[in-house]
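All chains should be built: construct the whole structure from the sequences, respecting the hints.
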Amino acid sequence: DVKVTQSSRYLVKRTGEKVFLECVQDMDHENMFWYRQDPGLGLRLIYFSYDVKMKEKGDIPEGYSVSREKKERFSLILESASTNQTSMYLCASKWAGVGDTQYFGPGTRLTVL
Amino acid sequence: DQQVKQNSPSLSVQEGRISILNCDYTNSMFDYFLWYKKYPAEGPTFLISISSIKDKNEDGRFTVFLNKSAKHLSLHIVPSQPGDSAVYFCAASPSGGTSYGKLTFGQGTILTVHP
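From first to last, the protein sequence lines are chains B and R.
Quick note: the first sequence, position 44, residue 589 per the numbering used here, numbers continuous.
Quick note: the second sequence, position 22, residue 443 per the numbering used here, numbers continuous.
These are computed hints drawn from the structure, not numbers from a lab.
Some clues are possibly wrong.
The calculated SDA-like cross-link candidates involving lysine to any residue, where the alpha carbons are at most 20 Å apart (straight line), are [said to hold, decoys possible]:
| hint | chain 1 | residue 1 | chain 2 | residue 2 |
| --- | --- | --- | --- | --- |
| 1 | R | Lys458 | B | Arg589 |
| 2 | R | Lys523 | B | Gly642 |
| 3 | R | Lys458 | B | Arg654 |
Per label pair, the in silico range of CB-to-CB distance [what the hints assert, rightly or not]:
| hint | chain 1 | residue 1 | chain 2 | residue 2 | range |
| --- | --- | --- | --- | --- | --- |
| 4 | R | Gly437 | B | Asn629 | 18 to 28 Å |
| 5 | R | Glu463 | B | Asp604 | 36 to 46 Å |
| 6 | B | Gly642 | R | Thr466 | 15 to 25 Å |
| 7 | B | Gly561 | R | Asn478 | 41 to 51 Å |
| 8 | B | Asp546 | R | Ala462 | 34 to 44 Å |
| 9 | B | Gly561 | R | Asn448 | 48 to 58 Å |
| 10 | B | Glu601 | R | Pro461 | 28 to 38 Å |
| 11 | B | Ala641 | R | Met450 | 35 to 45 Å |
| 12 | R | Gln423 | B | Ile622 | 19 to 29 Å |
| 13 | B | Ile622 | R | Ile439 | 42 to 52 Å |
| 14 | R | Ala462 | B | Ile622 | 22 to 32 Å |
For glycine and all other residues, C-beta sits at the position ideal for the given N, C-alpha and C.
This is the structure we're talking about:
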């Protein structure tokens, strides 16, 4: 059974703080993804990684960075949090094969005050 | 530029009836489509998928139809149950080695099934 875990379910931070969101998967998946979910906008891809230390920008990478030092862990970093980064953040992982589904973590609800 | 669109923000149906959720896409490179279900405070869970070489895929109460010429897909749930109440997202992906299985999601449709 695939398991994707995220370090926090709820997080409250102040404007300007550096924020780390951690994601860990236990299925040896090559590919990992970070999304944010906002009402009326669906899920939007921030960054993804297809291998250790490899990363690519998604559709909305501005204001974010990522780190993948180990295969099972993918971190999303908000260098200087802003109020418009208040959102639900979802991590996902999948095998490298074409057509394989992505498995999601439970999400982190981040509020930036 | 919204490449995957779910034009109905919400849908309300009676228990036992059919639920039909719709999704349109614009990118001709998409050839693999998925539906995810999401309950509040949980991550999305995979429901059903379809490849562009097919026009229908069935899994129990869930059937996905794909009309490539219209760039349209739909999810049918028959019969609908109260436990199906959730947000449904359609997603699309291009195949090919450099896509890495990236998904483009629609905005979501909130389905409410009344007992």
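Violating hint indices (sorted, rising)
4, 5, 8, 9, 11
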